[in-house]
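Visitor: Sequence:
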Amino acid sequence: ETAVAIFVVCRRADALQDELFGGGRARVLELGAGTGWLGMTLAANAAPLLCRVHLTEMEHANALKWLEHNVSANSAAFSTGNSDHLPAEGAQATVERGLQAAAESALRVTVGGCDWNWWAGGASCVAMRARGSADLARERLEKGRWDLVLGADLVYNEGGVAALPRVLRALAQPHTAILYAHTLLRFEHFDDLFFEGLRKAGLEYKQVWPELLAAVPGEDLESDAQPFSELFPETRVVVFRISRAAHINAESRHAGPG
Numbered sequence: 286e287t288a289v290a291i292f293v294v295c296r297r298a299d300a301l302q303d304e305l306f307g308g309g310r311a312r313v314l315e316l317g318a319g320t321g322w323l324g325m326t327l328a329a330n331a332a333p334l335l336c337r338v339h340l341t342e343m344e345h346a347n348a349l350k351w352l353e354h355n356v357s358a359n360s361a362a363f364s365t366g367n368s369d370h371l372p373a374e375g376a377q378a379t380v381e382r383g384l385q386a387a388a389e390s391a392l393r394v395t396v397g398g399c400d401w402n403w404w405a406g407g408a409s410c411v412a413m414r415a416r417g418s419a420d421l422a423r424e425r426l427e428k429g430r431w432d433l434v435l436g437a438d439l440v441y442n443e444g445g446v447a448a449l450p451r452v453l454r455a456l457a458q459p460h461t462a463i464l465y466a467h468t469l470l471r472f473e474h475f476d477d478l479f480f481e482g483l484r485k486a487g488l489e490y491k492q493v494w495p496e497l498l499a500a501v502p503g504e505d506l507e508s509d510a511q512p513f514s515e516l517f518p519e520t521r522v523v524v525f526r527i528s529r530a531a532h533i534n535a536e537s538r539h540a541g542p543g
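All the letters of the sequence shown, read from the start, carry residue numbers 286 to 543 under this note's numbering.
Keep in mind that the hints are not guaranteed to be accurate.
[Stated by the list, open to error] Keeping only pairs whose Cα atoms sit at most 27 Å apart, straight-line, the calculated DSS-like set for lysine-lysine is:
#1 Lys428 to Lys485
#2 Lys428 to Lys350
#3 Lys491 to Lys428
FYI, nobody ran anything at the bench for these hints, they're computed from the structure.
Everything numeric in this text was worked out from a predicted model, so none of it was measured.
Can you make the complete structure from the sequences, with help from the hints?
Guide: In structure tokens:
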């Protein structure tokens with residue numbers, strides 16, 4: 286289901302390009318990038334609309350090193366338009382055009398660490414060993430002026446359920462859109478806890494897929510994206526658009542200098 290969620294959020298971002306990136310070349314941040322497929326595919330498909338795609342992972346279990354390896358292995362594709370280096374999504378010709386556009390637009394695809402404990406009042410072993418660099422990395426992420434934050438099925442335990450809303454709140458500017466693919470009922474009780482955490486963090490959320498499916502002519506994403514629905518009818522992938530709550534943005538606009 287995680288692979289399905291990644292596929293769906295990528296297609297949603299692609300379908301909503303004009304709305305998400307209509308105000309100029311955008312900065313995109315992906316949390317929990319894993320192999321990097323989602324971020325790299327978006328970079329290929331929407332290159333003319335983007336100035337930077339930053340993929341993040343935790344350092345634990347060499348996850349960040351694997352992500353760095355994958356992006357490095359595909360860097361030739363972004364610089365030369367050679368699609369042999371990038372996992373294809375859809376027609377090969379479309380990916381080739383996207384990669385060529387990425388090269389011509391000087392789009393930056395970068396990789397960095399992201400420890401959710403930075404925003405949870407605690408610190409991982411890695412962060413504790415390098416407190417200065419961890420604080421600097423956190424500050425850079427918070428000041429990244431991200432237009433779009435992406436993620437797909439990022440929570441696997443109660444700690445993650447509690448931490449993710451805080452991370453999203455710390456990274457969300459008033460203009461930031463967050464697209465998060467989530468498998469409902471994947472874990473018992475996690476959905477309610479996650480939604481409650483979003484509200485407590487001052488975030489609003491709205492399901493934008495599959496509700497918007499009919500508004501995208503020619504797509505049959507629901508059947509493609511739910512290959513396990515017959516085996517696991519109680520679970521289904523949805524995409525939420527998350528943003529800072531309206532009253533939070535209003536308070537930010539009217540707050541004077543500290």
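Visitor: All hints, please: hold or fail.
Guide: Results for each hint:
no., hint, result
1, Lys428 to Lys485, "holds, 22 Å"
2, Lys428 to Lys350, "holds, 24 Å"
3, Lys491 to Lys428, "holds, 25 Å"
In summary, the structure agrees with every hint in the numbered list given earlier.
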